[in-house]
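One-letter residues, chain by chain:
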Amino acid sequence: MGQNTGVSLSDLVRTFGGELLGSGDRVFTGIGTLASAGPSEIAFLSNSKYRQQLSATRAGAVILGQADRDATLLPRIVADNPYAYQAKISTFFNPLQRPAAGIHPSAVVDESAQLGAGVAIGAHAVIGRGARIGDRAVIGAGCQVGESVTIGPESFLYPCVVVYRGCQIGARSILHAGVVIGSDGFGFAQDKEQWIKVPQTGRVICGDDVEIGANTTVDRGALDDTVIESGVKIDNLVHVAHNVRIGAHTAIAACAGIAGSAVIGKGCRIGGAAMIVGHIRIADGITVSPGTMATKSLTEPGTYSAIWAAEPHREWLKHAAQLRRMEELSNRVRELEKKLETLERKPS
Amino acid sequence: MGQNTGVSLSDLVRTFGGELLGSGDRVFTGIGTLASAGPSEIAFLSNSKYRQQLSATRAGAVILGQADRDATLLPRIVADNPYAYQAKISTFFNPLQRPAAGIHPSAVVDESAQLGAGVAIGAHAVIGRGARIGDRAVIGAGCQVGESVTIGPESFLYPCVVVYRGCQIGARSILHAGVVIGSDGFGFAQDKEQWIKVPQTGRVICGDDVEIGANTTVDRGALDDTVIESGVKIDNLVHVAHNVRIGAHTAIAACAGIAGSAVIGKGCRIGGAAMIVGHIRIADGITVSPGTMATKSLTEPGTYSAIWAAEPHREWLKHAAQLRRMEELSNRVRELEKKLETLERKPS
Amino acid sequence: MGQNTGVSLSDLVRTFGGELLGSGDRVFTGIGTLASAGPSEIAFLSNSKYRQQLSATRAGAVILGQADRDATLLPRIVADNPYAYQAKISTFFNPLQRPAAGIHPSAVVDESAQLGAGVAIGAHAVIGRGARIGDRAVIGAGCQVGESVTIGPESFLYPCVVVYRGCQIGARSILHAGVVIGSDGFGFAQDKEQWIKVPQTGRVICGDDVEIGANTTVDRGALDDTVIESGVKIDNLVHVAHNVRIGAHTAIAACAGIAGSAVIGKGCRIGGAAMIVGHIRIADGITVSPGTMATKSLTEPGTYSAIWAAEPHREWLKHAAQLRRMEELSNRVRELEKKLETLERKPS
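Protein chains in written order, with our numbering: chain Z, 465 to 812; chain C, 465 to 812; chain B, 465 to 812.
Just so you know, these hints were derived from the structure itself, not from any lab. Don't take each hint at face value.
Copies of the same chain are indistinguishable here, so a pair counts whether it falls within one copy or spans any two.
[Said to hold, decoys possible] In silico DSBU-like pairs for lysine-lysine, Cα to Cα no more than 30 Å straight-line: (1) 782 with 513; (2) 730 with 782; (3) 810 with 656; (4) 513 with 661; (5) 513 with 760; (6) 730 with 810; (7) 513 with 803; (8) 661 with 730.
So that you can see chain Z by itself, here it is in the shape it has in the complex:
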């Protein structure tokens, strides 16, 4: 099964599992949505609310779940998790495009750096003293890989990623453009009116299969390390402070902020623009809703929220003002209660 060429449903089922219904011989060249796929493409139905699009789709085949197995006569693959299935075959059709192995002549690679087999290093990249780059890893143009940094095999750094001294990136990880790994944590001791910098001597240690979005920053630890476990996915413009620990397979959406020494469990979902304050623990599997600030450790499984939804401006002003009037309202209710008690006691 060669990459990027056509593939039949039979081939797909042999590789990725699932149940084939209808003819499996035809060759397909790509994947698309039910609304946009053409006859040589495979569409997918992973959300039942799009089921009515099945009748009109021009796709040549469909991936769908058990519940929808008979919802079309098109050749189809029935999968337990059709969204994950389409992710796999989409990856087959659209593999990560690795540049050819080799070191661009304009790159500056310290002679003590160790480069694995098949490594690609882009134009103007800089690889510091004692850095180790794993087999088939890609270091994009303009990346700055500091002294003694380790980049695991098959990891892919897009252009202009900066990894500070001593930090470790695991295998098969993806760092998008502008990511900064290992900048100093925000540690200062107050000495009268001044701030004295507390040296940040820890590192950032990332596991395998981590993906980090564009312009996200992960600070190095103060004394111990900042740790991102395997399988963690972080979106763009996220801040991860010093000594944070993020458990395996946790996903963090864009614009979130994780303050110092917070410990986030495995398999959590942190919504966009959510904030986790410092020194708290978020237990495994917890979801923090978008725009929500977790101010205390969350120990029970579940979803946690604190979101005010946008309202027409005047409505909002009225509602917000109510909160400030509640104390007065509460006093009036107490007054009513007293008066009523008096009335009730009064002999009729």
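Given chain Z's structure and the hints, the job is docking chains C and B onto it.
Chains C and B alone, transformed into the frame defined by chain Z:
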């Protein structure tokens, strides 16, 4: 009318319109505020609350609106929109400084890239295979222009901008330092405890006259494209997720986040740190206040808000606690209503 | 007292002050936490809640405060401010590692730039026309120092920092990777449906001993300058808009946003993800809590907040709904008050 040299009010009126009152012959060399402009500079009055500064200004001339046409004896230009007028003449005095055309010897330009006339490419910039750079465009030092990217004529990329493969920037656009265009959207399918990456095969398509602030990120689409229409202005550190569509002339202030597949209409104003959740629509011309989260589609024109203003900490704690006591208060009111009903029914 | 070699408590007291208790002759090689330090390291106790760790520590010496002076028999230094003391000695053991002086051959330094003594300029850095780099300053790999920029002596720019034309960085400052200084402020004049760019002709002026975190952006002023006074510490991914003024020794945590022309006093603490709206003043010494939006000038000393803490999702929905029901509740209380008044007047 040469650039950057002096200009008379008569010249300005000929070029930019408006009505000249007083002598139009003197030559001015720059623009300033009423408080700071000197005798060879032109000041402007666009906000009536600064009108009292007119009497003390040392400026040699003033731009003002119809309502203030007789508020000074200085030579002046009366304009319908004095703030827009001053923006135009300030641009005349302070044009975008384009470096001289030419390719810095340290830049790495793929031989298949097409460069228009008068293009300037800075030191250590990288231009990928098949990229097309329009006439008089400026690619700043250290920029990374990926394979098959299009940059429209007269666009200006400040240093260290990264544009991923296949994305398109229109004409006369400005991308500030650290902008990332076309990084992968945050698309993963959950497969048991793991996340499977969903290839992001769409692009980012930007119209003309777009400005994007420092370190802002715009993700490429998952299957279809992310689209930023002409005239859109985006501030610093904004996140635009995959498959978002932003309508023409919409302005988005700093630290805002636009989640996946959100559609924002034309002429909207999105406040700083506002958040737009995924898959919703914001109708044309809507304003979302700063720090406000839009959680549902907004279809009616107007301003939408959800802002809690900072209060002294103890006040805030009291107010926030009230909300949690409301249910109890509500129960007490119900109790009072029942008792009162009983009392009222009681024969006196 | 050589750097990075061992040091005795007696030496430390001679250099940094404090009171020595116990033997002062032994030589120590580093610093650690009470829990992690070994026999050749010095630990510190700056937070009384860790006092019980004193009995079990393997550290060879301890820094502690007056209140804890007799809490251990280990050799120790009693300091008024043990956290600041440990910051100083940690800096002694872990000084900022400056690369060797010199200009990397791949750097592009304009011949008109003035470089002080002992300057280090990294690979692929670009120094523009008329820039001035102070003595012993470090310009990291891939940095872009624009035309006429000033970098003060001993300042340290990590890789991929961009400083736009004309901006000034003071002495002994640290700019982390991806910082952008001097990008255009978000200034546009509306002209019918379009936005006309208002040229941003001011600069960014930073004092001495400023530290700015990774991927933070500071915009240049519109007409006047944006000013960051000496000793200011800014964390990662912070947005500082045009014409902001930040007073000396103020600290701003990650993901905060400071809108245009806001004036923040000296010695303030701005929490993570806090937002300061435009054109307001925050008085000296004020604390704005994390996630809090300051919408009006804050003139009285103290801490200001507006934070909703994450709750279990259903609880939150109930609480949030209450606010919208308050008007109705208020009406019911008014109704009760009227009825009760009628009842009270009724002759029994």
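Here's how the hints hold up against the structure:
Within a single copy, residue 782 and residue 513 get their C-alpha atoms only as close as 37 Å, which misses the 30 Å cut-off; across copies the closest is 28 Å, which meets it. In this assembly of identical chains, the alpha carbons of residue 730 and residue 782 lie at most 30 Å apart only when taken from different copies (28 Å versus 41 Å within one copy). With identical chains, the CA atoms of residue 810 and residue 656 are never at most 30 Å apart, being 66 Å at best within one copy and 68 Å at best between copies. In this homomeric assembly, residue 513 and residue 661 come within 30 Å of each other (Cα to Cα) only across copies, at 23 Å, whereas the closest approach inside a single copy is 55 Å.
Taking identical chains as interchangeable, the C-alpha atoms of residue 513 and residue 760 lie at most 30 Å apart only when they sit on different chains, with a minimum of 18 Å there against 37 Å within one chain. Neither within a single protomer nor between protomers do residue 730 and residue 810 lie at most 30 Å apart by alpha-carbon distance, with minima of 64 Å and 63 Å respectively. In the homo-oligomer, the alpha carbons of residue 513 and residue 803 never lie at most 30 Å apart, since the shortest distance is 57 Å inside one protomer and 50 Å across protomers. Taking identical chains as interchangeable, the C-alpha atoms of residue 661 and residue 730 lie at most 30 Å apart only when they sit on different chains, with a minimum of 18 Å there against 32 Å within one chain.
Checked against the numbered hints above, the structure violates hints 3, 6, 7; every other hint is satisfied.
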